[in-house]
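Chains as they are written, first to last, in our numbering: chain P, 1 to 263; chain D, 264 to 952.
Hints may contain errors.
[To be verified] Derived DEER-like restraints, expressed as beta-carbon distance ranges:
#1 D:Arg603 - P:Asp31: 27 to 35 Å
#2 D:Glu891 - P:Gly163: 24 to 32 Å
#3 P:Gly163 - D:Glu895: 47 to 55 Å
[Claimed, not checked] Derived lysine-lysine pairs resembling BS3-like cross-links, with alpha carbons at most 25 Å apart:
#4 D:Lys309 - D:Lys596
#5 D:Lys679 - P:Lys21
#6 P:Lys196 - D:Lys554
[What the hints assert, rightly or not] Rough simulated footprint, nothing fancy, chain P against chain D, three-plus residues with beta-carbon under 8 Å:
#7 654-668
#8 729-741
#9 757-771
Since the hints were derived computationally from the structure, they do not count as laboratory data.
Just so we're clear, the structure is a prediction, and the values are computed from it rather than from any experiment.
No residue lacks a Cβ here, since even glycine has one placed at the ideal position from N, Cα and C.
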Amino acid sequence: MEILVCVKRVPDTAENEIEVKGDGSDIERDDLVYSVNEWDNYAVEEALQIRDKVGGAVTVVSVGDDESEEVLRREMAMGADKGVLLSDDAFEGSDGAGVAAILKAEIEKGKYDLILTGAQADDGAAQVGGMLAAMLDLPFASLVNAIEVIDGNTLKVGREIEGGNQEMNEISLPCVLSIQTGINEPRYVGIRGIRKVASVEIPVHGASQLGIEPASVGAAGAKVRRLDYFVPELGEGAEMLEGDMDEICDKVLELLKAKGGLK
Amino acid sequence: MQPALIAPANYTVGVVPTIILSLLIPVAGVAAFAYIIAIRLAPLVKANPDMRWDKIPQRLFSVAKIWLAQWRHPRYRLAGVLHILIFAGFLILSVRSIEMVVLGLAPNFVMPGFGGLLGTIYRLLQSYAATWVLGAVIVAVVRRTVFKPERYRVPARYGKDHTAEAVFVLGLIAILMVTESLFEASLTAAEAQQGMHGQWLAPLSLAWMFKTMLLETSGAALQKIHIIAYYLHDLTFFFFLCFLPLGKHFHVISSIFNVFFMRLRRGNIKPVKHGVSDEQLDDLESFGVKKLEDFTWKHILDFYTCVDCGRCSDNCPANAVGRPLSPRFISIKGRDYTYRNYPLYPIGAAFAKSDDLIGTIYSEDEIWSCTTCGACEQECPVGIEYIDKIVDLRRGMVDEGNVPQSLQKPLGALEKRGNPWGKLEKKRLEWTKELNNGFEVNVLSQKNPADTLYFVDSITSYDDRMQAIGRATATLLHRSGCDFGILGKDEKDSGHEVRRFGEEMLFQAIKDHNSAAILASGVKRIVTADPHAFNALKNDYDGLPPVEHIAQFLARTIRDGRLALKPAEADDSVYTYHDPCYLGRHNALYDEPRQVLDAIPGMRRVEMERCRDRSFCCGGGGLMLFYEPEEETRMGVLRVEMAAKAGANVIVTACPFCLVNMEDAIKVAGMEGKMAAIDLAELVARHVA
């Protein structure tokens with residue numbers, strides 16, 4: 001099965017203290033460390049497991065600047081067969097539709113049976129997967145937390161739905177899936193793994209190679225513009241439970257049930 | 264003069280001379296033994312290299328102390344004494360055993376050099392040795408079958424009980440002792456009956472007792488006993504020889520080699536591959552141990568040598584809390600797997616291709632469960648190593664990407680930020696801000712040099728509670744008049760657990776960074792209050808200035824009179840010192856922290872039963888704080904209970920990780936208010952006069 005996984009380089013929320021710039025235009029980026037978006041990492045792991053079971057190849061692709069090459073390399077160290085960087089000055093400032101259009105152009109250059117994205121990105125809006133499917137006119141399932149290959153034409157996919165419930169679907173290939181965390185246990189990639197793929201060539205495709213009209217993407221083509229970043233004011237979110245231990249436990253149980261955490 | 268009985272070499276059954284047996288048994292025995300040993304050596308030849316031919320005098324000393332003098336045996340009193348008796352008996356009887364074999368061919372043979380006075384003394388000693396060995400064997404059988412000490416039990420998941428093998432071998436030893444004595448006694452009894460001046464037997468020895476019993480027996484019967492005892496001895500002797508390398512009694516042969524080759528350095532970790540320098544690591548195809556032959560030959564020799572005595576597991580904290588790790592079975596499973604893949608029978612059978620060890624004989628959780636505390640290695644009477652094997656297996660798993668999710672985040676953070684929490688580098692010196700003793704901690708630079716570097720390490724830098732250890736340490740250094748500084752944001756985690764969790768390349772990167780920063784600072788010595796950092800800088804890094812733990816620094820400073828301490832408050836505090844593994848067992852620093860505590864006038868201190876080199880791990884440090892093990896209880900909880908049992912209400916430790924684990928354990932055990940934990944540096948800082 002030919003699988004393509006879209007990955008994104010994001011500031012790692014676990015290893016950064018995110019602060020908003022004074023003017024609200026962006027976050028402070030001086031002291032940030034970046035990594036591959038966590039959801040995308042699960043998607044790559046899933047692709048590798050499918051490939052190892054049924055054969056084929058896994059390609060990872062990222063829209064971003066030169067530095068995005070490091071996350072492609074990391075995913076290739078995990079075991080992805082190919083990496084492609086989609087990079088062009090014209091891509092800068094793309095909205096979700098722009099990113100999806102760039103990805104679509106690359107995907108149409110090849111022949112893929114399965115396209116995976118993360119369900120969302122740490123710094124994103126969870127829109128690229130769905131838009132990409134629509135643009136490619138392919139079936140789509142979001143928040144996928146289980147994949148089973150039925151045959152060369154069909155997958156069985158599980159989706160997490162409200163209240164922790166599970167839904168199972170059949171979906172025909174080719175298709176686009178957005179992957180939820182927890183679908184698998186991604187393998188570890190150390191410095192050694194990355195060094196092993198350090199010299200592998202990663203092709204860079206720009207607007208001209210992809211046949212994209214520069215004005216249709218990037219800041220120029222964006223129809224959604226970010227206006228402001230701010231830290232919301234602290235509200236009265238906490239509720240202190242009172243009473244003895246048994247009463248508190250009962251209340252916690254009640255709350256957990258009411259909010260769907262327990263069945 | 265005609266001998267009182269016909270010797271085996273001259274005896275005939277019908278027309279067949281028994282000397283044929285005297286020849287056949289040894290020849291067949293030696294041939295079978297040589298074959299078995301050759302097969303046993305095969306995996307050692309295919310295994311990875313190991314550097315064990317250095318420091319010969321020190322190795323010979325180990326053999327003299329640990330093998331010959333059985334140094335570690337009396338740590339388990341009864342079992343140890345029994346073993347020493349049997350071991351000494353075997354050594355003494357080895358000469359007689361060889362003599363016995365030759366006697367079947369040459370009836371008047373005497374071991375060269377054993378003819379005169381030496382021979383007489385030897386015979387006396389040998390008779391008593393046979394006697395005490397038999398006595399020890401009987402006690403051992405009773406222990407094994409009636410009292411069944413817990414440490415010999417085989418939990419269901421590790422297979423069947425091993426008692427039968429042990430009792431069988433004890434039976435063989437008993438047969439050897441009895442037949443040898445009967446052989447001797449029957450002849451002496453016959454000599455006495457015939458009024459000859461015969462062999463003198465040591466009074467009350469086994470042979471002497473048999474002789475006394477046999478005095479009334481007919482000459483013909485004595486002749487039969489003499490011959491049967493001889494051949495039974497001969498047969499048992501060679502059977503035993505060939506049986507040894509089939510099971511746990513291989514140690515009778517291999518322990519002397521295993522002890523000779525045992526690890527001499529402490530605290531360090533073996534290189535990824537002996538003979539491959541750190542710079543060449545990138546060229547290696549594979550890292551760590553994945554298959555049997557990836558172990559070094561010494562580590563396979565360890566498997567052969569395991570006596571199945573269970574002392575390692577009896578002291579293993581992971582085993583004590585019900586984690587899926589029992590060091591004893593790391594060895595036994597390794598041994599059984601080696602035997603299975605290198606079969607003795609059918610003769611000429613091909614050696615099996617090794618499978619991945621993880622998932623066949625070892626489980627992932629088993630290998631991640633180890634805190635590398637070293638209690639197993641400290642206890643092993645035959646010098647078996649576990650930490651290097653565990654680390655090598657982890658290196659193999661890391662190389663395959665097989666790392667628990669709980670460890671991936673901190674490893675990633677260590678790579679990016681140099682600390683397992685992913686906190687910002689610039690916040691590494693925030694702990695210094697709350698110092699309110701009228702001094703500032705010097706951050707080292709070209710313009711700001713100092714004699715001494717205080718290496719803080721991650722947990723003390725970032726953890727709210729542990730920052731107090733940093734402040735106490737800085738205060739003590741300052742009050743002792745020490746010219747010191749810190750690296751600040753240039754310091755990264757020491758990488759101690761990074762290496763021990765198998766992520767060697769990340770460790771190398773961290774080591775290179777820290778080494779460069781330390782050398783650039785131009786300091787002449789390094790002090791740290793974190794035993795893990797201490798051990799890393801001392802035993803994992805090289806080319807650095809000398810490193811001291813704060814306990815050593817304090818002991819010296821107090822002794823020199825540069826730091827005066829005021830008396831302890833007169834309350835009901837009873838202190839006990841918990842030896843951190845990486846200060847104690849791995850670096851033999853037991854006395855300095857105690858000297859420091861005892862320098863506080865009026866301090867009441869008690870010892871826990873498990874102290875010094877038998878200290879019980881708190882639960883592990885570094886990355887072990889992030890690992891989520893399967894376990895029934897926490898190591899720290901058991902340790903806190905041990906402190907309470909000793910009558911203490913304050914646990915003093917000298918390691919931030921121990922303090923984290925102790926304080927958590929006190930809460931988990933519900934002992935808040937009844938038990939407290941404090942770091943040595945904090946305690947001393949409170950008592951600076």
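To see whether the hints hold, each was checked on the structure:
no.: 1; hint: D:Arg603 - P:Asp31: 27 to 35 Å; result: violated (55 Å)
no.: 2; hint: D:Glu891 - P:Gly163: 24 to 32 Å; result: holds (26 Å)
no.: 3; hint: P:Gly163 - D:Glu895: 47 to 55 Å; result: violated (33 Å)
no.: 4; hint: D:Lys309 - D:Lys596; result: holds (19 Å)
no.: 5; hint: D:Lys679 - P:Lys21; result: holds (23 Å)
no.: 6; hint: P:Lys196 - D:Lys554; result: holds (22 Å)
no.: 7; hint: 654-668; result: holds (count 7)
no.: 8; hint: 729-741; result: violated (count 0)
no.: 9; hint: 757-771; result: holds (count 4)
Violated hints, listed in ascending order, are 1, 3 and 8; each of the other numbered hints is respected by the structure.
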